Structures are given as C-alpha cells and as structure tokens.
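2 protein chains.
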Amino acid sequence: MDFSSKLLENAVNEVSRLPGIGKRTALRLVLHLLKQPKDNTTFLSEALLHFRNDVKKCSKCYNISDTELCEICNNPKRNSEIVCVVEDIRDVMAIESTLQFKGLYHVLGGKISPIEGIGPHNLEIESLINKVESGEIKELIFALSSTMEGDTTNFYIYKQIEKFNITTSTIARGISVGDELEYADEITLGRSILNRIPFEQSIGN
Amino acid sequence: MDFSSKLLENAVNEVSRLPGIGKRTALRLVLHLLKQPKDNTTFLSEALLHFRNDVKKCSKCYNISDTELCEICNNPKRNSEIVCVVEDIRDVMAIESTLQFKGLYHVLGGKISPIEGIGPHNLEIESLINKVESGEIKELIFALSSTMEGDTTNFYIYKQIEKFNITTSTIARGISVGDELEYADEITLGRSILNRIPFEQSIGN
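First to last, the protein sequences are chains L and V.
The first sequence begins at 1 in the numbering used here and counts up one residue at a time.
The second sequence begins at 206 in the numbering used here and counts up one residue at a time.
Please keep in mind that the hints were generated in silico from the structure rather than gathered at the bench.
Careful, some of the hints might be misleading.
Calculated lysine-lysine pairs in the PhoX-like style (CA-CA distance at most 20 Å, straight line) [as the list claims (entries may be wrong)]: (1) L/Lys57 <-> V/Lys240; (2) V/Lys261 <-> L/Lys38; (3) V/Lys261 <-> L/Lys6; (4) L/Lys38 <-> V/Lys262.
Owing to the predicted nature of the structure, the values given are computational and were not obtained by experimental measurement.
All chains, full assembly: derive it from the sequences and hints.
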C-alpha cells in the first residue's frame, strides 16, 4: 500500500498486528477514527493502555481481575469447595452467564499442546495440584474443550490428583438444546446415549 | 457479557465502537494484547493518538498528509494541469499503486447522498470549482465510484464547470482484466462495447 502519510502508515501497521485484521481492514478502522471526534480516539487509546498496564490476575483462580482477588473468589456466597477448571477467561464468562454454577474457578491459561510448544509447566497446573493437596477442594469439574488437547490436559491433571480423595467430574457432552438428532455427529450422539440421565432429572432442569 | 474486570469491560466497549467489530471480536482482540508484551499496546495506543491528533489535510488536494502540502502536490515532477477527482483517500492510494497517473488529485471527502444527508456543501466541491475557475487546470478526470451517488456527484460538478474551457473525462468502465464475459453484468458489458477502443491501443498498454 502506498501511504501518503507516515502517521497513517504507522497507525495501520500497529492495528494490523492484531489477530485477524489485515492491512485493508486496519486502514478502514483507522480512517473511521478520523471521522469521529478526537476524544473517541483518546478514550480508545487510554482504555487499552489502562487495561494492559493495570489489569491483574486473581492470585487464587488466575482469572483476570482489577483487584488482588477477583470478584468471584471474593464472594462469600460462592462455594469454595467446588472448583471448575477452565482454559481461559472467556470460558469463565461463558459459564457465569449461565447462572448455573455457584462454585469457584481455576483458569489454566490454555491447554497442553505439544505442537504449539505448550507443556504443563506453561499452565497453572501446579497451583491447581497444590490447591487439591491442601484439602480445600471437594469436587473438581473439568470444563475444558472437547478436543485432543483438552482431553490430554484433563487426563494429565487427573493422573496427578487421583491419589487425593476428591470427586472429579466433566461437564456433560451431548446434543445441544434445540438441535435435531439427524445433524448431530455420531461421537456426540453416541456419548449422549451412553451417558443418558433419568427422565425425571431432565424435566427438573 | 459478564466481565470480571471493569478495565476489561471498558477496553472491550471502546474497541467494539469501531465499525464491523462486535463485542466478541473486541474481547478476542483485547485479550490478545494481554498475551503480548506491554510495549505492543503502548505502540498501538500511541500510533492511534499521534495519527488522530497530528495528521493534516493537504491544503491543496485535501488528501491526508503529515505536512501542509501532501507529498503528491509537493512533487515538482507531477503534472499540476491534470487533476483526478476522487471520493476519499483510499481511492488516491488505489490509483497511486497503479503507477499510471502522474497528475494531481482532488479528494472530495465523499459523494452527494441525500439519503445520508450529504449535500454539495459537505464536500470539497467549491474548492474544486475555484481551482478550475483560476485556470490552473487543463483536464479534470472523474474517478468516482460507478453508483447513483457517484454519477450524481459527477453530474453536479460537471454542470458547474461546463462554462470553463477545460477537458473533462471519466475513467473507463468495462470488463475487468482477467474476467470472463459470461459473468459480466449486462450494463458493464454494454458500456464496454459502446466505448470500444482501437485494437492497436489495447496492445500498447
């Protein structure tokens, strides 16, 4: 691209470093700012800077937080004996929005993936084992994504906590609510038959 | 969305004000910054701020520029007697990248569009008429997009400069290089037959 302005070129280059944003999209976004009041750009820049420089990781669950302990860990109404293990903070947001879970979380920060060079020591696995070891947890719910990496991570953690006397579970896999059976893949459908639940329980939900 | 951090929420809200970026995409982009060094966010914020606060409009052609006169208007090798009228700076970049045009530009800043409430006085039309009136221009090339708004704008300007003795032209409409005839729309194909050019000229290009 042939920029007539170094300032524009620089802004487009920086924006196009974001994932999924190419040069053309970056140019469209940057030129959009030019049509808006200067304040909008100031707010945007400051929001990004404040977020990046001031946001913390909760020292207990590793969710992102504005304070040392996050709102969830800090909430005395939550059951601290049930801990849900998730990959990242977007999963916390997804589960929180269901309003169905009243325990705490443990955010691993990813899953074991040899291809991407992510091993157990890159994730918050040791801190999870320590929590289990200290005896404060009664049930651990694995809520990782149902991929090979997710299953590997589940299994790796499971092997390390087997010796401690706690309940472990994984979230149910099955047909999505509202889905038609004929379009479901056979593995999901197979699992949903194997892990069927009493009918009374399904209408209780 | 249920954010556990005000800083995150604020950053996501600001990013999602950009056109075509929803809350989920904004969240993905903002969380990406968290995985990168803090410097990257600083560079991004500063690039946007500098661009928005310091970029100017060229006082002659209204292209954006870091200086009072843009690089193109300032270049003594360009032919200042031929002026290409375009909608916005992206069109200047597109034409510049062809390396086929050695004249100057005049950036209108949009096109006449009553639906969007954009009239002639919202665009740099008066300044164009003044340029033509002063006698410095010999040929005006209309390179607006081939839409109803583009044609309206062309015609509006044409009516005002008719009385001055200058050449006016529009860029050729026709079948794109590499396109198959059967997929071309009939208006484009019709125009490309009416405005056919001598064969010798086509192989000269």
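**Study point:** Violated constraints from the hint list, given by number and in increasing order
**Key:** none
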